[in-house]
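As they're listed, the protein sequences go chains X and H. Take 83 as the starting number for the first sequence in my numbering and just add one per residue. Take 83 as the starting number for the second sequence in my numbering and just add one per residue.
Careful: at least some of the hints might be erroneous.
Stated by the list, open to error - Here are some chain H residues the structure puts well away from chain X; computed CB gaps all over 10 Å:
1) Glu138
2) Arg144
3) Ala150
4) Val205
5) Leu303
6) Leu308
7) Gly310
8) Gly372
Stated by the list, open to error - If you anchor each label on the Cβ, the simulated ranges turn out as follows:
9) Ser240(X) to Lys382(H): 39 to 47 Å
10) Asp320(X) to Arg94(H): 26 to 34 Å
11) Asp378(X) to Val330(H): 58 to 66 Å
12) Leu325(H) to Asp378(X): 27 to 35 Å
13) Pro268(X) to Arg379(H): 24 to 32 Å
14) Glu390(X) to Glu329(H): 49 to 57 Å
15) Arg379(H) to Glu267(X): 26 to 34 Å
What the hints assert, rightly or not - Among chain H residues calculated to face chain X with C-beta under 8 Å, some are:
16) Asn136
17) Val140
18) Met141
19) Leu317
20) Thr346
21) Ile375
22) Pro376
23) Ala380
24) Met381
Hints were generated in silico from the structure; no laboratory data involved. In this text the structure is predicted, and so the values were computed from the model without any measurement. We treat Cβ as the ideally placed atom computed from N, Cα and C, and that holds for glycine.
2 protein chains.
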Amino acid sequence: MIVAALVRSGARADVATVQAQWLVEADLKGQSSHGVARLPVLVGRVRAGVLTPNAEPVMTWRSDGVLAVDGARGFGPVVASRALALAVVRARRVGIVLVAISNANHLGILSPYVENVAAQGMVALAFTTSEALVHPWGGRDAMVGTNPVAMGVPAQPSPFVLDMATGQVSMGRIIHHDQTGQALEPGWAIDAHGHPTTDASAAREGAITPFGGPKGFALGLAFEVLVGSLTQSALGRDVHGTLDVTEVCNKGDVFVVIDPAVVTGTAGNLDVSRYLESVRATPPTPESGGVRIPGDRAMKDKDRRRREGLDLSTVSWGAALELAGMTTSEADAASNGASS
Amino acid sequence: MIVAALVRSGARADVATVQAQWLVEADLKGQSSHGVARLPVLVGRVRAGVLTPNAEPVMTWRSDGVLAVDGARGFGPVVASRALALAVVRARRVGIVLVAISNANHLGILSPYVENVAAQGMVALAFTTSEALVHPWGGRDAMVGTNPVAMGVPAQPSPFVLDMATGQVSMGRIIHHDQTGQALEPGWAIDAHGHPTTDASAAREGAITPFGGPKGFALGLAFEVLVGSLTQSALGRDVHGTLDVTEVCNKGDVFVVIDPAVVTGTAGNLDVSRYLESVRATPPTPESGGVRIPGDRAMKDKDRRRREGLDLSTVSWGAALELAGMTTSEADAASNGASS
Numbered sequence: 083m084i085v086a087a088l089v090r091s092g093a094r095a096d097v098a099t100v101q102a103q104w105l106v107e108a109d110l111k112g113q114s115s116h117g118v119a120r121l122p123v124l125v126g127r128v129r130a131g132v133l134t135p136n137a138e139p140v141m142t143w144r145s146d147g148v149l150a151v152d153g154a155r156g157f158g159p160v161v162a163s164r165a166l167a168l169a170v171v172r173a174r175r176v177g178i179v180l181v182a183i184s185n186a187n188h189l190g191i192l193s194p195y196v197e198n199v200a201a202q203g204m205v206a207l208a209f210t211t212s213e214a215l216v217h218p219w220g221g222r223d224a225m226v227g228t229n230p231v232a233m234g235v236p237a238q239p240s241p242f243v244l245d246m247a248t249g250q251v252s253m254g255r256i257i258h259h260d261q262t263g264q265a266l267e268p269g270w271a272i273d274a275h276g277h278p279t280t281d282a283s284a285a286r287e288g289a290i291t292p293f294g295g296p297k298g299f300a301l302g303l304a305f306e307v308l309v310g311s312l313t314q315s316a317l318g319r320d321v322h323g324t325l326d327v328t329e330v331c332n333k334g335d336v337f338v339v340i341d342p343a344v345v346t347g348t349a350g351n352l353d354v355s356r357y358l359e360s361v362r363a364t365p366p367t368p369e370s371g372g373v374r375i376p377g378d379r380a381m382k383d384k385d386r387r388r389r390e391g392l393d394l395s396t397v398s399w400g401a402a403l404e405l406a407g408m409t410t411s412e413a414d415a416a417s418n419g420a421s422s
Numbered sequence: 083m084i085v086a087a088l089v090r091s092g093a094r095a096d097v098a099t100v101q102a103q104w105l106v107e108a109d110l111k112g113q114s115s116h117g118v119a120r121l122p123v124l125v126g127r128v129r130a131g132v133l134t135p136n137a138e139p140v141m142t143w144r145s146d147g148v149l150a151v152d153g154a155r156g157f158g159p160v161v162a163s164r165a166l167a168l169a170v171v172r173a174r175r176v177g178i179v180l181v182a183i184s185n186a187n188h189l190g191i192l193s194p195y196v197e198n199v200a201a202q203g204m205v206a207l208a209f210t211t212s213e214a215l216v217h218p219w220g221g222r223d224a225m226v227g228t229n230p231v232a233m234g235v236p237a238q239p240s241p242f243v244l245d246m247a248t249g250q251v252s253m254g255r256i257i258h259h260d261q262t263g264q265a266l267e268p269g270w271a272i273d274a275h276g277h278p279t280t281d282a283s284a285a286r287e288g289a290i291t292p293f294g295g296p297k298g299f300a301l302g303l304a305f306e307v308l309v310g311s312l313t314q315s316a317l318g319r320d321v322h323g324t325l326d327v328t329e330v331c332n333k334g335d336v337f338v339v340i341d342p343a344v345v346t347g348t349a350g351n352l353d354v355s356r357y358l359e360s361v362r363a364t365p366p367t368p369e370s371g372g373v374r375i376p377g378d379r380a381m382k383d384k385d386r387r388r389r390e391g392l393d394l395s396t397v398s399w400g401a402a403l404e405l406a407g408m409t410t411s412e413a414d415a416a417s418n419g420a421s422s
């Protein structure tokens, strides 16, 4: 159904399938701000001519270990998955590969990229920038993206997967709180005058607070200049096209893929799996329900939702139906699940 | 004087000079937990035979872009500086280089490594592990190092330099609070039962809290398994030799050096410098004194202390004198500054 909506907008079935998978994966993992709710923006961008659905990305090996990618305005997940497939093959020989992507659309959630690479026995780092929504520590205006970082490391029974933004919260969540009349948690955002606020409507006029105070701000800023330096992409308030339906997307994306077998000369580090188990087994503090490591909750959510089905908001589903030009019964007949 | 103390313990003058520079640089930048106060531990480690002062590190190119380094129990700054010098030369040709170091001693502060690389026009990332001092989010025991991350990005008038630990605070600072009878700030640490505490003595029996809640914990843990996977180093509570004077140091260190000129095909990204200026110029919130970006304070502190002189604690200075086998007047005669 999501695929149908993308195909109807002009995408080939193969690229529509990849983009749809990324949206559904986000909803499955509980990151609904990057889920099917984004479909109308993507279709809107195609219609406006700022997203070229069947783009042919230009991949250039600048050296044995450096892949520069011009995304040609294509779907982010399509461009990045193709580039990473090349990078994994190359990393087996050269040990470390850098992928620097410009001119691609929003990547969606980062975890599937690093998870896929880690499942192939390799370490992956991912950085991407976004429109300026986060204020500097001590500053009043949004100057930094919510710049997420992701990391995948091979482990048993499943790879270690980190995927986190450097803002306290996503703008999607603030908007959702505003629409449902909920107060924000203290520390999430400031208003247009720079005062901390729990009023979601005031926060939409202000900026998101970086996570972790000055250190979190420092990290988000570091990722912004790292990606900017390696992709020549726009920075700060000049970044557009990740949320709107009018501007060409000018942010950048950086991946590093490393084959530990080349680096260490051995097949893998089983100690990592044992160590992660010991961290999970740390005795809990009196106030907590136990220790969770990155990726555990997302994986559990995904398993549960796969069994029980996805609970997409009525708005997302209705919009998707409309974009696909289908009625509810046609959609039911056409698919057995949200991802088809 | 610090050099003299290291030479007296058996180090050659050249390696003693590099190690001394790293200690003094930390004090100059206000990171006294990594400063001259560490000299007695270093000398103690040499005397105990767990640090080989004149070690010859073994550097092996596993591929064109992967340098594996066996530090042979040498001083951390000596091993890492030599490896990075090779990496910078190589990165000009291959674009990206990974340096994976095992069997070296404590690196000291990370900022000089990435700052030096960035001053040569390259991007640098640095990760290192340390003894388990930080508790998992929701867990009671120290299971993760204070695992710092550093990043250097070329910019004008000086490189962008991030250097931060993933704990709220260093154990050195907690010990200092304990010795001077000061209370900790709320949120810095937990006691042995897992309760948040502001009692420095109780915190020494407990664990440091990760910065930024679950996200900061996630990052510190990610760096632990990243470094472990790429260096086959010890993990968590098995890490020793960064604070004690009895154990061989078995943590690992990872650097990534990237030449943006290879990646982008252009000489540099001036926009980064302009962007950083605009972030500094963000209008301040009503409560703040303005926006500082990473490295600004350290650089300012360093300039001031270079003019006014270093204010080392009496304990550090006395210990250094004793280790050098000098009196105060001999030390004054031998040097015009703390770094000689």
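We went through each hint and held it up to the structure:
Residue placement check: Glu138(H) keeps its beta carbon more than 10 Å from all beta carbons of chain X (closest about 20 Å). A beta-carbon of chain X is positioned within 10 Å of the beta-carbon of Arg144(H); the least distance is around 5 Å. Chain X draws Ala150(H) into its interface by the beta-carbon criterion, the shortest separation being 6 Å against a cut-off of 10 Å. The beta carbon of Val205(H) is not kept farther than 10 Å from every beta carbon of chain X, the shortest such distance being approximately 6 Å.
Residue placement check: Leu303(H) does not keep its beta carbon more than 10 Å from all beta carbons of chain X (closest about 6 Å). The claim that Leu308(H) is not at the interface with chain X is violated, since a C-beta of that chain comes within 10 Å of its own (minimum 6 Å). With a least CB separation of 6 Å from chain X, Gly310(H) falls inside the 10 Å interface cut-off, contrary to its annotation. The non-interface label for Gly372(H) is inconsistent with chain X: the shortest C-beta to C-beta separation is roughly 6 Å, within 10 Å.
A C-beta distance of roughly 46 Å is found between Ser240(X) and Lys382(H), which places it inside the suggested range of 39 to 47 Å. At about 51 Å, the beta-carbon gap between Asp320(X) and Arg94(H) misses the expected band of 26 to 34 Å. As the Cβ distance of Asp378(X) to Val330(H) is approximately 33 Å, the hint placing it in 58 to 66 Å is violated. Range check, Leu325(H) to Asp378(X): about 30 Å between beta-carbon atoms, so the 27 to 35 Å window is met.
At roughly 27 Å, the beta-carbon separation of Pro268(X) and Arg379(H) lies within the given 24 to 32 Å, and the hint holds. Remark: the range hint 49 to 57 Å for Glu390(X) to Glu329(H) is upheld by a beta-carbon distance near 50 Å. Restraint check, Arg379(H) to Glu267(X): a C-beta distance of roughly 29 Å satisfies the suggested window 26 to 34 Å. Restraint check, Asn136(H) versus chain X: the minimum CB separation of about 26 Å is more than 8 Å; hint violated.
Taken as an interface hint, Val140(H) does not check out: its beta carbon lies about 13 Å from the nearest beta carbon of chain X, beyond 8 Å. For the restraint placing Met141(H) at the interface with chain X, the shortest Cβ-Cβ distance is roughly 13 Å, beyond the 8 Å limit, so the hint is violated. Hint status for Leu317(H): holds, given a least beta-carbon distance of 4 Å to chain X, under 8 Å. About 5 Å separates the beta-carbon of Thr346(H) from the nearest beta-carbon of chain X, less than 8 Å, and the hint is met.
A least Cβ separation of about 6 Å between Ile375(H) and chain X falls short of the 8 Å threshold, and the interface hint therefore holds. The interface hint given for Pro376(H) is met, as the beta carbon of that residue sits about 4 Å from the closest beta carbon of chain X, less than 8 Å. Taken as an interface hint, Ala380(H) does not check out: its beta carbon lies about 12 Å from the nearest beta carbon of chain X, beyond 8 Å. Annotation: interface hint on Met381(H) violated; nearest CB of chain X at approximately 14 Å, more than 8 Å.
Checked against the numbered hints given earlier, this structure breaks hints 2, 3, 4, 5, 6, 7, 8, 10, 11, 16, 17, 18, 23 and 24; the rest are met.
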